[in-house]
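Generate the whole structure from the sequences, applying the supplied hints.
Each chain, letter by letter, is given below.
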Amino acid sequence: MGGSYPYPPGLGQEWLVQHLFRPLPGPLALLAVFGCVALFALWVWGMMRLSSGGRRRVTAICTFLAGLFYALAFFLPPGNVATGSAEIGGQRAKFTADITWDEIPDPNPPAPPAEGEEPPEEPSWREPRPIERNLTGRLELTELANEPTAQDGRDFLTISGKQNADGTWALESLGPDGPTPLVATSDGGYAVTTAAGTGRLQMRVQPAANIVKGYEAPLANALNILGGFAIFLGLINLSLVHGRTLFGAKPGWINSLAFFFGLLGMIIFGLAALKYKDLDPTAPQPFVAAAYAVMFDGLLKPLQSTTFALLGFFIVSAAYRAFRVRTTEAALMTIVAFIVMLGQVPLGQMLTAWIPLDSPWAVLRIETVTNWLLVTPNTAASRGILFGAAAGSFALSLRVWLSLERGAYFGKEF
Amino acid sequence: MMVAPATVETVTSIVAILATLAILSVVYRENPVYRLFEHIFVGVATGYGVVVIWSNYLGPGFWKPLTEGVWYVIIPALFSLLFYTIFSPRYAWLSRFLISVLFGLGAGQVFRGFTTEVFPQISGSFLPLLPREAIGETPAVTWWTVLDNTAFLVTLLSVMTYFFFSFRHEHKSVARTARLGRWLLMIAFGATFGSTVMARFSLLIDRLQFLFDGFGKLFGG
Amino acid sequence: MEFANPFAVLLMGVLAAFILYNIRRGNLGRQLFIREVPGVAAIDEVVGRAVELGRPVLFSTGLGGIDIVTLQAITVIGHVTKLAARFRTRVIVPTVDPMAIPLIEEVQREAHAAVGAEEAYDPADVRFLSGEQFAYAAGVVGILHREKAGATFFFGNFAAESLVLTENGQRVGAVQIAASPDSGQIPFFLATCDYVIIGEEYYAVTALMSGDPVLRGSVVGQDYIKLVLLGLIILGVVLTAWSILQAQTEPHFLSRWLEGAGG
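Residue numbers (numbering that gives the first Met the number 0), protein chains in the order written: chain A, 0 to 413; chain B, 0 to 220; chain C, 0 to 262.
DSBU-like, lysine-lysine: derived pairs with alpha carbons at most 30 angstroms apart:
hint	chain 1	residue 1	chain 2	residue 2
1	A	276	B	63
2	A	276	A	300
3	A	300	B	216
4	A	276	B	216
5	A	300	C	147
In case anyone wonders, no lab produced these hints; they're calculated from the structure.
If you want it as structure tokens, here you go:
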């Protein structure tokens with residue numbers, strides 16, 4: 000059972016996972032948590048001792064490094080490709096290969112669950128296994144190598160292998176006669192034998208230069224935790240606004256009470272009902288599950304879909320407003336909107352149904368015009384807007400990354 | 000305490016009908032019933048958000064590992080404390096530090112974002128402006144297609160011209176192209192508007208249908 | 000592929016260099032021209048209307064979290080709050096992201112301090128209305144009606160709820176400005192708002208508002224980026240025509256570079 004990694008492991012990642020970031024037994028884990036708290040407090044103390052200029056510099060540097068992480072994850076080549084060529088029987092052949100990172104399989108895998116038995120719950124941490132770099136590629140021996148009818152051993156040859164600890168490769172070819180090891184030659188190539196004769200393979204492997212990509216997944220997990228705890232900011236804000244109304248007995252306190260009823264009801268019943276996920280809907284239900292069902296199916300869902308459905312009314316009044324504006328631009332928009340709306344309903348389509356489908360005028364049928372408006376000008380204009388907006392967001396991101404941004408939040412005293 | 004499924008269903012239906020009517024009532028005017036349900040809505044939606052954050056992120060990603068000895072999940076939790084420094088003027092700058100770093104993370108992703116979003120759309124704009132016969136699996140390009148492609152490119156290029164900021168629109172050619180761009184934008188917006196109308200109506204019809212069905216079930220037996 | 004090819008590395012480098020070059024030009028004191036955007040010129044006037052009416056301003060940042068789009072909106076919040084706080088007019092900011100609360104509070108607090116209106120600052124003017132799209136919309140509708148907003152700003156990324164927000168803004172008689180970098184909701188904003196800032200204009204707002212040379216330079220840099228994109232499109236179309244003349248069916252090199260660029 001080996002997990003497949005699409006990306007190279009990050010710099011020192013394997014060492015860190017094997018030596019530092021691993022679970023500890025109860026009391027030691029508690030000690031480690033306290034250690035983290037102490038280090039964090041020390042860090043905060045240090046940060047607070049910085050001068051105003053120092054704070055600005057530290058923030059700018061950390062912001063830059065944070066952005067640099069994702070920039071490098073994108074720009075550094077992953078080393079997922081090997082290319083080369085071979086000379087076989089006087090003919091030159093092309094070689095391309097994909098490289099994958101795979102876990103070295105567990106020598107003692109856990110026994111699969113017996114028939115009818117629940118599979119064991121996935122633990123939140125499992126012993127990581129060292130990762131090895133594997134290669135699968137093919138040698139194109141004939142022009143037909145990419146045709147669907149191509150035959151292994153005649154038109155192409157599959158080569159696979161893994162990297163040795165010293166960086167060299169142990170390769171074998173998978174011809175029709177089974178796997179045959181390739182012999183490394185003194186000039187750094189490999190000797191190949193095929194039905195067409197013998198030859199030599201020269202291979203160039205991209206170095207695994209991307210030393211940060213492997214940290215993307217752990218970073219995303221950390222950011223989920225960080226963002227998850229921010230929800231209390233929202234709860235504090237809401238409690239401040241509604242608590243003030245409720246406990247000050249200001250007008251509208253009943254609404255604030257309703258707010259707390261919805262909030263606390265959903266949190267309490269929602270969390271309590273988590274353990275009743277797979278209930279039989281036809282059997283009597285525990286109270287918390289029933290209360291959660293009422294809050295979710297009776298309140299949240301209909302409130303969402305009805306607010307969405309309000310658009311059925313508002314789109315009419317918006318259309319009327321657009322219609323009243325007497326400028327060329329507004330008129331253009333309203334007319335096109337009207338045509339497209341007609342083109343989508345049977346009544347509108349009947350207007351031009353008299354134009355025969357096979358006549359040259361069929362392009363004037365309203366559904367054809369509607370379709371064209373939606374496909375050509377609409378796509379083109381959206382694309383034009385997107386290019387501009389992408390340029391704008393590129394510039395703003397660059398300013399934020401390099402701490403060049405001016406404005407309300409950035410570029411102020413610390 | 001166990002509750003019969005029929006009871007759950009009836010209570011849910013009554014509550015859902017009340018909620019639906021309360022929200023629809025805002026079309027006439029804002030009123031106390033709407034206000035009550037609006038507050039309940041924000042309450043349940045926030046509460047549901049808390050449940051989702053717990054069951055998707057903090058439960059399996061923080062609490063469960065922590066209780067199993069995975070001590071280092073405490074690190075992001077500690078950093079999240081920096082958000083709360085806004086409540087103390089002395090420490091407030093630390094929230095600014097954290098948010099700056101978060102923006103930095105976002106900014107670094109712009110290179111990948113720009114490449115994945117924009118590049119395929121550029122190569123997608125390399126449309127043939129000359130007709131040709133079909134060759135193998137490559138389809139033919141008819142004069143109609145050429146005309147369509149021309150309209151596409153004229154729209155795209157004039158809309159892009161409209162968004163130039165540093166060219167004075169006094170240059171006649173620029174001003175005219177930008178003006179054309181603005182008109183073509185309006186045509187495109189009209190198309191979006193028109194294509195949405197029917198979808199919005201069907202949402203409303205769905206809700207009205209729900210009300211009729213609900214009343215039928217409750218009172219029709 | 001999740002990784003850049005050499006073409007993407009080169010192009011990203013060139014685009015970034017254009018932005019930085021123009022920021023530098025702005026910093027060195029070059030007077031860089033950028034055209035007016037009508038909606039931006041109207042911002043001050045719209046706030047003035049709310050002040051005259053003695054009604055608060057509502058500023059919605061849409062459905063975005065703390066990202067670049069919201070950041071731009073937050074800079075505008077600072078500007079609007081400063082204008083309004085001078086006349087003790089409130090700016091109410093409903094948000095969907097709890098992480099945005101510290102930013103908005105900080106910006107509003109500073110805006111009040113800048114015009115000597117510290118006592119008028121109220122952290123309860125930032126309102127978290129759940130992270131759910133339509134609960135947020137229902138909440139904003141409630142605030143619009145109860146507070147009788149005199150002016151509304153819709154700056155950011157919006158989805159279907161946009162029309163619920165702006166139609167109710169119309170009903171309470173607010174003067175409305177909407178701005179979105181995304182084309183999706185612009186038609187509905189055009190139908191219901193007094194001023195609409197479209198697409199890339201969104202990213203020029205702060206430069207026009209403040210006249211800051213760095214921001215102006217950056218906007219000029221954006222034009223360079225668009226020129227490059229325009230050039231690539233024209234080159235690609237010419238190459239496509241050339242390959243038709245040559246009876247080629249394979250995509251030309253520019254197509255291959257762009258499509259294999261990452262993503």
